[in-house]
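With this note's numbering, letter number 150 in the sequence shown gets 150, and the count goes up by one each step, no holes.
Please keep in mind that the hints were generated in silico from the structure rather than gathered at the bench. Keep in mind that the hints are not guaranteed to be accurate.
[Stated by the list, open to error] Below, computed lysine-lysine pairings styled on DSBU-like, alpha-carbon distance capped at 30 Å: (1) Lys96 x Lys82; (2) Lys96 x Lys33; (3) Lys82 x Lys92; (4) Lys33 x Lys92; (5) Lys33 x Lys82.
The structure presented is a predicted model; accordingly, all values stated were derived computationally and were not measured.
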Amino acid sequence: MTSMSLREQRLSELGYQLPQAPAPAAIYQPFMKSGNQLWTAGQIAVANGSLIHEGRVGVDLNLEEAQACALQCALNLLAQVKAACGDLEQIKRVVKLNVFVASSPNFTQQHLVANAASELFGQVLGADGVHARSAVGVAVLPLNSPVEIDAVFELH
């Protein structure tokens, strides 16, 4: 049995469990290391093999449901870091998040959806979780996921 890293313990204290890293849904790598950076593929709101919500924000789901999706994407990003590096202690800092929100044309709170992921990184990683970010609305995302997030991490 392996022991949990301090950052995984912090996740647990917050009431979250680090999932298994989701497998790619097509022909691509789930992450790529380049020098001391780890670039992840986009992570959608999958938990236990299924999307936690489907559709477009502002049509099929509300802000709170979309924030739950962003949170799940963030957990999946952390799972990819663990798969790539062995543990979350290898994260020196979160550099950048790109947050895509499938939303209706009149939904303009993509930044609030993205905050759920940003807040999790801050809660788990402290100052190392502060990052640059983009949050954009799109017409549709793979598998009808409401949110997809990719990230760049700097590693120790």
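Hints the structure fails to honour: The structure conflicts with no hint, since it agrees with every one listed earlier.
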